[in-house]
Amino acid sequence: MPEILDRLRTALAARYRIQHELGGGGMSTVYLAEDLKHRRNVAIKVLRPDLAAVLGTQRFLQEVEIAAQLTHPHILGLIDSGEADGLLYYVMPYIEGEPLKVKLVREGELPVQDAVRILRDVADALAHAHSRGVIHRDIKPGNVLLSGRHALVTDFGVAKALSEASGRHQLTTAGIALGTPAYMAPEQAAGDPDVDYRADIYAVGALGYELLAGRPPFEGPTPRAVLTAHIAKAPQPLGVLRTGVAPDLEAVIMRCLAKEPADRWQTADELLAQLEALVTPSGGTGAVSAVVPRSRRSTWVAAALAAIVVVLLGLWQPWRAGIPGGAASAARLAVLYLENLSPDTLDAYLADGLTEEITSRVGRIPGIQTKSRNAVRRYRDSLPADLLAVAESLSVDYLLEGSVRRSGEHVRVTVNLVRGSDGFRAWGDDYDREVTDLLTLQEEIAREIAGNIGGRLAPEDLVALGEPAGVIPAAYTSFVRGQGRLTDRSPRSVLRAVQHYRDAVAADPTFARAWARLAYGYALFLDWRWEYPGLTRDSVLALGFSAASRALERDSSLSDGWMARGYLLSFRHPQTFEGVHEAFRRALALDPDNAEAHHQYGWLLMYMGEDEEATAQFERALALEPERTITVFGLGFLTYRLRQMEEAGRWLDSSLTLEPSFAAGYGQRALLALRLGDTAAARADAETGSRLGYVPSDAPLGVLAVQNGDTVRAEALAERLLEHGYIGPTAFVLAALGRPEQALDVLETAELGLEFWTESLRAPELDALRSYPRFERLVREARGVAQR
183 MPEILDRLRT
193 ALAARYRIQH
203 ELGGGGMSTV
213 YLAEDLKHRR
223 NVAIKVLRPD
233 LAAVLGTQRF
243 LQEVEIAAQL
253 THPHILGLID
263 SGEADGLLYY
273 VMPYIEGEPL
283 KVKLVREGEL
293 PVQDAVRILR
303 DVADALAHAH
313 SRGVIHRDIK
323 PGNVLLSGRH
333 ALVTDFGVAK
343 ALSEASGRHQ
353 LTTAGIALGT
363 PAYMAPEQAA
373 GDPDVDYRAD
383 IYAVGALGYE
393 LLAGRPPFEG
403 PTPRAVLTAH
413 IAKAPQPLGV
423 LRTGVAPDLE
433 AVIMRCLAKE
443 PADRWQTADE
453 LLAQLEALVT
463 PSGGTGAVSA
473 VVPRSRRSTW
483 VAAALAAIVV
493 VLLGLWQPWR
503 AGIPGGAASA
513 ARLAVLYLEN
523 LSPDTLDAYL
533 ADGLTEEITS
543 RVGRIPGIQT
553 KSRNAVRRYR
563 DSLPADLLAV
573 AESLSVDYLL
583 EGSVRRSGEH
593 VRVTVNLVRG
603 SDGFRAWGDD
613 YDREVTDLLT
623 LQEEIAREIA
633 GNIGGRLAPE
643 DLVALGEPAG
653 VIPAAYTSFV
663 RGQGRLTDRS
673 PRSVLRAVQH
683 YRDAVAADPT
693 FARAWARLAY
703 GYALFLDWRW
713 EYPGLTRDSV
723 LALGFSAASR
733 ALERDSSLSD
743 GWMARGYLLS
753 FRHPQTFEGV
763 HEAFRRALAL
773 DPDNAEAHHQ
783 YGWLLMYMGE
793 DEEATAQFER
803 ALALEPERTI
813 TVFGLGFLTY
823 RLRQMEEAGR
833 WLDSSLTLEP
843 SFAAGYGQRA
853 LLALRLGDTA
863 AARADAETGS
873 RLGYVPSDAP
883 LGVLAVQNGD
893 TVRAEALAER
903 LLEHGYIGPT
913 AFVLAALGRP
923 EQALDVLETA
933 ELGLEFWTES
943 LRAPELDALR
953 SYPRFERLVR
963 EARGVAQR
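Throughout, the working numbering is defined as the position within the sequence shown, counted from one, plus 182.
Hint data in this document are derived by calculation from the structure and do not stem from the laboratory. We put the beta carbon where it would ideally sit given N, CA and C, even for glycine. Certain hints may be false.
Claimed, not checked - In silico lysine-lysine, DSS-like type, Cα no more than 30 Å apart, as pairs: (1) Lys283 / Lys415; (2) Lys285 / Lys415; (3) Lys415 / Lys219; (4) Lys415 / Lys441; (5) Lys441 / Lys219.
Unchecked claim - So the derived label-pair ranges between C-beta atoms look like this: (6) Glu216 / Gly716: 45 to 51 Å; (7) Gly920 / Ala862: 20 to 26 Å; (8) Lys219 / Gly396: 40 to 46 Å; (9) Asp374 / Arg221: 42 to 48 Å; (10) Val287 / Glu933: 41 to 47 Å; (11) Met827 / Asn890: 52 to 58 Å; (12) Ala688 / Leu824: 45 to 51 Å.
Start from the sequences and build out the full structure, keeping to the hints where you can.
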């Protein structure tokens with residue numbers, strides 16, 4: 183389309199140099215372009231003009247903004263988007279590779295292991311997106327890009343925008359399909375308005391079927407015929423079309439293709455686990471579970487909240503300005519996440535870890551105040567072209583931006599220090615090193631940054647920038663990868679971080695920091711009640727203590743080591759918290775700027791009932807890292823239990839402003855809305871929290887069911903909460919049902935301790951039980967002040 187190309191070149195001339203067309207489909211055309219500011223190649227996708235006219239600029243930009251928040255190694259992120267001369271476009275990194283569609287046209291069916299590996303990567307991407315409330319709705323070979331041995335999913339947000347627009351416009355009359363017929367789930371083909379993430383599971387099944395059989399599960403002379411087949415026909419067994427497909431693999435694919443959503447894999451995480459078990463040289467024999475939980479949940483609430491995050495950020499500023507801390511005269515620096523330019527997208531974690539380490543080391547220098555990772559997270563995969571605006575938004579004097587490219591055992595790091603006052607480069611350099619030299623590399627970069635900002639460094643500052651001598655390079659590389667993984671506090675990411683830390687200490691048993699982070703990783707599993715594969719909670723606790731002890735044996739002055747020990751002690755002594763105070767005070771005496779230690783100590787003080795000191799610790803953590811979502815939530819959690827409802831609302835709103843996919847924030851805010859009598863807001867928040875995987879959100883849903891006279895549903899939700907071990911939330915629903923004795927029976931089954939006292943017994947939802955002698959005894963015993 184020469185006319186579109188000419189219009190695009192003219193409209194975007196100040197930012198991008200459009201080179202040539204890369205390809206296109208029914209909805210868009212893709213062009214190769216040069217990002218003039220960052221001197222890198224990008225891909226610009228432009229929607230068809232007639233589609234853009236139907237869709238509208240506002241809807242398009244809203245949905246693309248939601249998709250831009252997705253950060254994952256198997257998702258092709260969005261860099262930019264907008265409208266130019268009536269054309270709607272979005273900009274993505276340019277990855278050397280090819281669409282899966284092209285490979286299928288060229289090769290037909292794929293080797294089994296290649297197919298499984300691609301499906302695993304796609305499922306991994308969807309698990310990340312679904313956990314943040316984003317459904318793709320158009321998984322197909324054309325939206326999967328192959329780069330090296332890995333697959334990246336593209337075009338998040340576009341199908342959602344089309345679907346939302348369909349209520350106002352007849353897109354199909356313009357020849358625009360809402361999805362792709364060959365991969366549409368039956369409910370999507372039937373026009374069900376409540377399509378949820380299980381439609382993506384079905385599409386993965388259709389994709390897998392085509393990778394193995396060489397054709398989609400259904401074909402026909404017209405799109406209508408294909409859609410009808412998805413609704414009414416059973417696909418031909420894979421084994422009939424291709425021999426050599428393992429029965430377990432065929433079972434995984436065919437379960438994805440179940441007609442009823444409740445009969446498919448219920449989450450992308452569940453599907454991912456099956457596919458990972460099949461990634462073996464023999465094709466795998468992973469077991470296929472017959473248990474299929476049933477659920478149907480709406481998705482619009484989280485999407486809407488994520489779309490207005492920029493507006494809400496303005497509400498976040500007033501309270502933040504009131505928190506003390508930080509030297510007024512210190513130069514303020516934001517280290518933006520280094521861009522991963524490596525062919526292997528898994529090296530994104532190497533780039534993230536290197537960013538974390540540079541931030542940490544420069545932050546040790548007096549006179550330089552570094553922004554936390556939480557502050558810069560929103561620019562992780564979508565850095566605007568206007569760095570001056572970024573600096574203004576973060577309130578910093580300098581920005582560090584750059585990239586990492588790894589090839590084999592060689593790594594090239596490019597960094598630029600940009601002045602926030604005028605956007606000019608103050609310093610920059612390219613570093614070519616072996617991967618084994620990462621330790622010295624990040625020290626050199628940190629030294630140059632500190633020197634260019636603060637002038638000549640004192641000898642003690644130079645020492646502060648370094649790692650203790652003798653760390654083995656291979657161990658440090660694994661450690662950096664672990665640090666990158668730990669930035670995403672999900673069970674899968676923390677598990678992989680733990681594995682990297684274990685690799686680090688295996689390579690270098692003297693590496694104290696790696697032992698400390700390993701102990702901390704185990705503690706996170708205990709705190710968030712995640713299941714560690716193959717281990718009991720007691721085993722995880724024992725491994726955590728062993729790692730913490732090894733860290734402190736090697737370096738007794740390590741703040742993180744004492745923090746991990748204190749954290750673990752709270753699980754060993756849940757009634758008395760014996761030794762917790764001492765460990766955390768030691769950690770903070772060794773490093774008063776350890777924001778994580780201040781935060782964790784604040785939670786434990788809250789459990790102990792020392793509310794004033796807990797608040798002080800939370801506020802100190804926020805003074806050091808103002809955008810700590812979990813700490814902001816902690817203040818909302820505490821003020822709610824102190825019946826300070828207005829203040830609790832401000833804190834909880836702020837936590838969701840910072841992280842719109844923070845599931846616990848929705849669950850807690852739903853309880854607050856119920857107390858304030860706003861049932862509509864309570865339902866919206868509770869359903870969002872539940873959809874994001876936060877099971878305690880069933881408690882406010884149960885209370886709402888009681889208010890609506892639906893005792894059967896309330897009882898079912900209480901049973902589900904109890905099955906998952908949530909004693910307090912179960913009692914909330916039973917108390918709402920007017921069954922105080924049954925609620926007390928459930929509470930008496932709990933492992934009593936300080937944590938349980940704060941999380942459950944102090945909750946306003948149990949106020950109706952406080953006059954019962956049994957409840958009073960529970961409170962005394964939970965606080966560890968009564969004898970049986």
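Here is how each hint holds up against the structure:
1. Lys283 / Lys415: 25 Å, holds
2. Lys285 / Lys415: 28 Å, holds
3. Lys415 / Lys219: Violated - the C-alpha atoms of Lys219 and Lys415 are around 53 Å apart, more than 30 Å.
4. Lys415 / Lys441: The given pair, whose Cα atoms are some 9 Å apart, holds under the 30 Å limit.
5. Lys441 / Lys219: Distance ~49 Å between Lys441 and Lys219 Cα, so the pair is violated.
6. Glu216 / Gly716: 45 to 51 Å: 49 Å, holds
7. Gly920 / Ala862: 20 to 26 Å: Distance hint for Gly920, Ala862 holds at roughly 24 Å.
8. Lys219 / Gly396: 40 to 46 Å: 44 Å, holds
9. Asp374 / Arg221: 42 to 48 Å: 47 Å, holds
10. Val287 / Glu933: 41 to 47 Å: 59 Å, violated
11. Met827 / Asn890: 52 to 58 Å: 23 Å, violated
12. Ala688 / Leu824: 45 to 51 Å: Holds: the Cβ-Cβ distance is about 46 Å, inside 45 to 51 Å.
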